[in-house]
Amino acid sequence: MTDPHASNPFRADAAFTAAAERFYELLKTFGAPAAAAAGRSPDWTTLAAPLAGQFEQWLKMSQFGGPWSGTAAPGGVGHGFEAASPAWLFGGLPLGPAAAPAGEARHTFELLGKLAQLQAQLAVHWGEVAQSAARGFVARMGAQGGSHGTPADALRLYELWVECAEEAYGATVRKAEFCRLQAELANTSAALLVEQRRQAESLVRAFGLPTRSEVDALYAQLQELRQRFGDSGAHAAAQADEPAGAATPAPRAARSKPARRVRPRGKRRSGRGTRG
Amino acid sequence: MSRSPDAATPAELTARIAVTLARVRQAAHVSVGCSSRRPVWSYRRTTLYHYLPCAGAATARRRAPPRPLLICFALVNRPYVLDLQPDRSLIRRLLEAGRSVYLIDWGDPEEGGHTDLAEYVIEHLGGCVRYLCASHDLSAVDLLGVCQGGVLSLCYSALFPARIANLVTLTTPVDFHTEADLLGRWARGLDTELIAALGNMPGELLNGLFLALMPLRLAQQKYVRLLTAGLEQSAIDDFVRMEKWIFDSPPQSAAALAQYVRWFYQENRLLQGTLQLRGQPVRLAAIRQPLLNLYALEDHIVPPAACAALGRHVSSRAYSAHAFATGHIGMYVSQAARTTIPQHISSWLDARRSGASR
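Each protein sequence line maps, in turn, to chains A and B. What the first sequence shows, in our numbering, is residues 69 to 344, in sequence order. What the second sequence shows, in our numbering, is residues 11 to 368, in sequence order.
Looking at chain B on its own, in the form it has when it is part of the complex (with noise of 0.2 Å):
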């Protein structure tokens, strides 16, 4: 099965996919994660997990213990595909790097859908900051907030900046009505009452959604690919992992998805200025504290002028952006995640660290 699909005749062709879906069977029960972790923190369904540290890692050529870097991931999807495996792990290359490493793992929402974005805010990714500098001893930790997650982190950063000493946003929307977001134009006219009154949403309406972005591309043309390839039994496996992460969604709070999508896709309120969470005002300005914004140029759900427009809206004189020619995914999985990523977000938090006290 090593010849390129161009040299094959009908009959191999043939004999290539029914090798490969044999393949794939095998590769159903594939598993996910891949670092050892720990749930330290818990509050309603949302846990906080430390990962423990990599042996040989970088810590110990360190003087001063890394300050916690804690992992805020969307709630649009599960947060294992940062670990999802050895050598696609972004949370493994960080540990390597010598980062104390935690991440907030949602979970599903409570029945009844009412948990809504203040306290995911507030309560949630608060509550683990404050676990971490209570239990670190520490006024603040750094923050890494990812795609929709990024968008909380800004929000938190913004109401509390003197519990984050360094941000660094990763496919993160500031700019929710950008001509190529195709996301916010479906969004637009939604009525977000009707939203709020159904209750929890299931995942799969979302990922429905995400696929309905490009659904050649997405639901068929990859398949194909990957049938006519012959490609071995671990790069199908690789392939099934991530597979199995695009379909486990989870449901969605219905207070916090319909605020999410009047208040950022409908309104544009974060770059307004005209966000508040409990009362409190949101203001991007407020946030002056060091911030790396990556960000992918092939983005197809978060288009890079979304995220790339962050910098003309807060104050920090320490801001720096970095694009990537990659696509959202690929931020997480690709050759760039697996060491770019990793690398520039480390550097960054040391030269950050250094001359730094506590």
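This is chain A alone, in the form it adopts within the complex (with noise of 0.2 Å):
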């Protein structure tokens, strides 16, 4: 009936395309050994360690563990439907250090050296994961046995290797070293980007323009105006019931917008709002 995000762009098969051309990729990687073997019991180790290192590298580029630190690969899993779109991330200097006076640039070069100090102990994990899985995969494979030569046999060995993904991830990223690791990444690349915005407003202050708070300053202003003049006969929706227990009434309540009636189709705006 509706399509809310119509104006957004949309690339439904950019998923599945990538999905399709990896998924290519690890058949070639099953069939392989499967091939070599030729009614022998395949070596599991030869196929895991390709596996692992695609899966390290899926991952360094899909930044799961953080995907605050930094721009995915174009076509990267980590935004589905959107890979083809222009993902917002933390990383990325608008500007550069170079833009900034000396001592701000320092903090600035400070702040990212840290950043790829955390990056680089982040791909630590990722090895261990990759690896873990790996050894995983083979112990399981070496249990199971069968046949392993045929897209369907593909098919199983991929769902078996996911499961052992999934498991050694999951064991990794609820350890308490790697979620504290993430959290430091995220709030350096925040206080990154919270840098680049400060040097961003000092320089178009130099140039003349308005910045972003007094943007920000400006509408507020507006929204102010706007209650007052706009619909001064509504009732504000912060004409709030009295909270459970409470003495007085809540303070912000005064402060916001008024409320309005949405004017139904055909009929002149009553210039009342409501009240509860």
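Check the hints yourself; a few may be wrong.
Said to hold, decoys possible - Straight-line Cα separation of at most 16 Å, EDC-like style, residue types lysine to aspartate or glutamate; simulated pairs:
(1) A:K243 x B:E189
(2) B:K232 x A:E124
(3) B:K232 x B:D247
(4) A:K96 x A:D221
(5) B:K232 x B:D248
(6) B:K232 x A:E231
(7) A:K182 x A:E252
(8) A:K182 x A:E89
(9) B:K232 x A:E89
(10) B:K232 x A:E252
(11) A:K243 x A:D309
(12) A:K128 x A:D221
Rather than coming from a laboratory, the hints here were simulated on the basis of the structure.
Can you join these two chains into the complex? Each is in its own frame, and there are hints to help.
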């Protein structure tokens, strides 16, 4: 009936195409040792090594441990259907540290250095996750045996691989050490962004352009004016009930913009709001 | 394309994937939202919608008009998942059961990221409740809170108990420090002052976090399964519709997000009884109205234990809880959501209504 996000760029097939490509890669990986074995039991350790390598690479590119910490590769899996659209992330300096005065630039460089350090630590975790997944896969394949030559077999191997990989991932990302690292990564990225914005504000001020905070302040004033003159007959939604047990009305209530009853089609606006 | 994946040859599998990809492209423009509705009230970016009654709904068979049921969805997703398509619509099933359904759509937050949780609860949600009470000449409405919207609903019900006749919570976390809560573990070390300073948070960022809970399953395996399953166009349309919703996340007001992370995920204030909104204590013990708590046993976002804790902290004498063997999103669109959950909600509300006066 409606498409509330019709205005957004929407690439329905991007995630599937990427998934198909990755799946074919995996099929090739699964198929090779099975074909080489030709009746014998395949060497699962040989198979697990490239799987682990692909998984580790995928985790690094997708930044699953911290989606704020870097830009996923185009078509990366971290954003599903949105893979083709420019995802907003904390990374990517709009100006670059060189645009800032020396003192500020030093701080930005320090944050960037710290971010790189933390990302390197995260990469170590991804390596461990991949190795642990591979070990689990080999152990379970050794116990299972069976045929391994057809696409259906490859699909079964794929499902088992996903299970092992998720188990390994889940075990690592629950560890206190990982959680601390991830939080630090997010906080550093956020600090970097705040720093960038501060620098951007200085720069646009120097050019005589309005800054974000000035625009926000203007917007707030506009809201207040609308409240005062736009619908003065309306009762504010903020004419709130007294909270249970409260002695005084909610303090911020009077500052809120009046609510409005949505005008039914074909009728004149009554100019009267609603109150509870 | 009707052979099972198990029976496919390599050539057949390749052909199947190609056909599925073509169908996915065809499905790119599927629409979402199916029931007729009209906006009846708005406040800043929030709009209250009234869903028009279904033809042949059970309303006519009722003696008393149903009390309005207000649905309060989460801030982090769009609410149209509750009315995704005719055969996957919790709202439509409720309408068919004769309920008078209203839904809060929060819209996108205003620039600047200053809208805080107190404003969402007291002005936005509270404004909807007050509008409904005034327009229906009632002192109280029924409230259905979904996920994070359930948390807001609990806060409102605790602050203004006289305004809520019956409360239903769906996949609503109450204890944010349960063992299985991975989001909670990740959120504990975040600097909420920095979050608040960042302005509105893009929806993609939260999407990334949700995918990161089970990355291979959520960002790879489900696509591979679909590609190799040889599904018909209608099934692929359903899948794409769901994907649209998953990745259509609104930006988050920085102030509200920072408060939510700190007060709930980090400090577990709702459970501890230490939460205050505008200086007013929000105590779960103040909730005395009948309460139905529905949650999912396989929920990877809100663990069942996080929801089940509610029963131990409210004062409702008529409290009942029911767990469903499905996942978080399954509660909105699965087979259970299509039939059992709306029936459960509706018959529970009917039971509360019988004998009650306005």
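For each hint, the structure was consulted:
| no. | hint | result |
| --- | --- | --- |
| 1 | A:K243 x B:E189 | holds (12 Å) |
| 2 | B:K232 x A:E124 | violated (19 Å) |
| 3 | B:K232 x B:D247 | holds (15 Å) |
| 4 | A:K96 x A:D221 | holds (12 Å) |
| 5 | B:K232 x B:D248 | holds (14 Å) |
| 6 | B:K232 x A:E231 | holds (13 Å) |
| 7 | A:K182 x A:E252 | holds (10 Å) |
| 8 | A:K182 x A:E89 | violated (35 Å) |
| 9 | B:K232 x A:E89 | holds (14 Å) |
| 10 | B:K232 x A:E252 | violated (31 Å) |
| 11 | A:K243 x A:D309 | violated (45 Å) |
| 12 | A:K128 x A:D221 | violated (28 Å) |
Hints 2, 8, 10, 11 and 12, counting from the list given before, are not met by this structure.
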